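Just so we're aligned, residue 20 is where the sequence shown starts under our numbering, counting upward by one.
Hints listed in this document are in silico derivations from the structure and should not be mistaken for laboratory results. Check the hints yourself; a few may be wrong.
[Stated by the list, open to error] Simulated DEER-style distance windows between Cβ atoms:
#: 1; residue 1: 132; residue 2: 179; range: 29 to 39 Å
#: 2; residue 1: 125; residue 2: 92; range: 21 to 31 Å
#: 3; residue 1: 22; residue 2: 183; range: 21 to 31 Å
#: 4; residue 1: 232; residue 2: 54; range: 15 to 25 Å
#: 5; residue 1: 125; residue 2: 179; range: 31 to 41 Å
#: 6; residue 1: 126; residue 2: 213; range: 19 to 29 Å
#: 7; residue 1: 186; residue 2: 225; range: 36 to 46 Å
[Claimed, not checked] Derived SDA-like pairs: lysine to any residue, alpha-carbon spacing no greater than 20 Å straight-line:
#: 8; residue 1: 136; residue 2: 89
#: 9; residue 1: 136; residue 2: 125
#: 10; residue 1: 136; residue 2: 184
Nothing here was measured: the structure is a model prediction, and the numbers come from that model. Glycine is no exception: its CB is placed at the ideal position from the N, C-alpha and C atoms.
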Amino acid sequence: MSRSALLVLADGRFPAGGHAHSGGAEAAVAAGRITGAASLEEFCRGRLHTTGLVSAALAAAAALGADPAELDAAADARTPSPALRAVARRLGRQLTRAARATWPSPELDGLAARFPKGAHQPVVLGVTARAAGLGPADAAHCAVYESVGGPATATVRLLSLDPFDATAVLARLAPEADGVVRRAVEAARRVAGEGVGALPAASGPLLEISAEAHAGWSVRLFSS
20 MSRSALLVLA
30 DGRFPAGGHA
40 HSGGAEAAVA
50 AGRITGAASL
60 EEFCRGRLHT
70 TGLVSAALAA
80 AAALGADPAE
90 LDAAADARTP
100 SPALRAVARR
110 LGRQLTRAAR
120 ATWPSPELDG
130 LAARFPKGAH
140 QPVVLGVTAR
150 AAGLGPADAA
160 HCAVYESVGG
170 PATATVRLLS
180 LDPFDATAVL
190 ARLAPEADGV
200 VRRAVEAARR
210 VAGEGVGALP
220 AASGPLLEIS
230 AEAHAGWSVR
240 LFSS
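Please work from the sequences and hints to get the whole structure.
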């Protein structure tokens, strides 16, 4: 495992397109569900144990070499919202482009050919981690961090929340995030023997509903 490669992949400046997405925070702010650091923490905790867990398990399974097509279908089945499925594929396409330029690999080339419009982002993340010489836990950590880091960063812009307070939220969630990574990797390791049904299917219905409403807004700061 290369710690430097992990830092490159997890860096918010990696050109994978995540900066344009709030992870549902924009809709939550508009609805009054996020008003400050305390409610941001609860929102992120909810994402961590639902979207974060599912994404981390998919990424870990891809990093272990599971079939990307089967994982992509599993991601589709775990994402009821058409808007969120479209977002996941756009992000997957952008990550594929960035990853192929950074860590050229036959697996990434094959993924791009197989999914010209983009595979689900967590699946691409796992294949990227594999190409970078990283393991399933590394991929899972990246996915988990994205699931809470995106909303925290977006809320700073949306509410003018103190960046120190937003970062403190992420720090307080770190022990729980580590636990989610462990659960995700354990599930990913079962895929070889049990199939993709072994992966978690936790859901956040309000996130899905809000994403559909947000997609119809005429004016918005973030794409999702």
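Hints, one by one, checked against the model:
no.	hint	in the structure
1	132 <-> 179: 29 to 39 Å	violated, 44 Å
2	125 <-> 92: 21 to 31 Å	holds, 22 Å
3	22 <-> 183: 21 to 31 Å	holds, 26 Å
4	232 <-> 54: 15 to 25 Å	holds, 19 Å
5	125 <-> 179: 31 to 41 Å	violated, 46 Å
6	126 <-> 213: 19 to 29 Å	holds, 23 Å
7	186 <-> 225: 36 to 46 Å	violated, 25 Å
8	136 <-> 89	holds, 16 Å
9	136 <-> 125	holds, 18 Å
10	136 <-> 184	violated, 37 Å
Of the numbered hints given earlier, the model fails hints 1, 5, 7, 10; all others are met.
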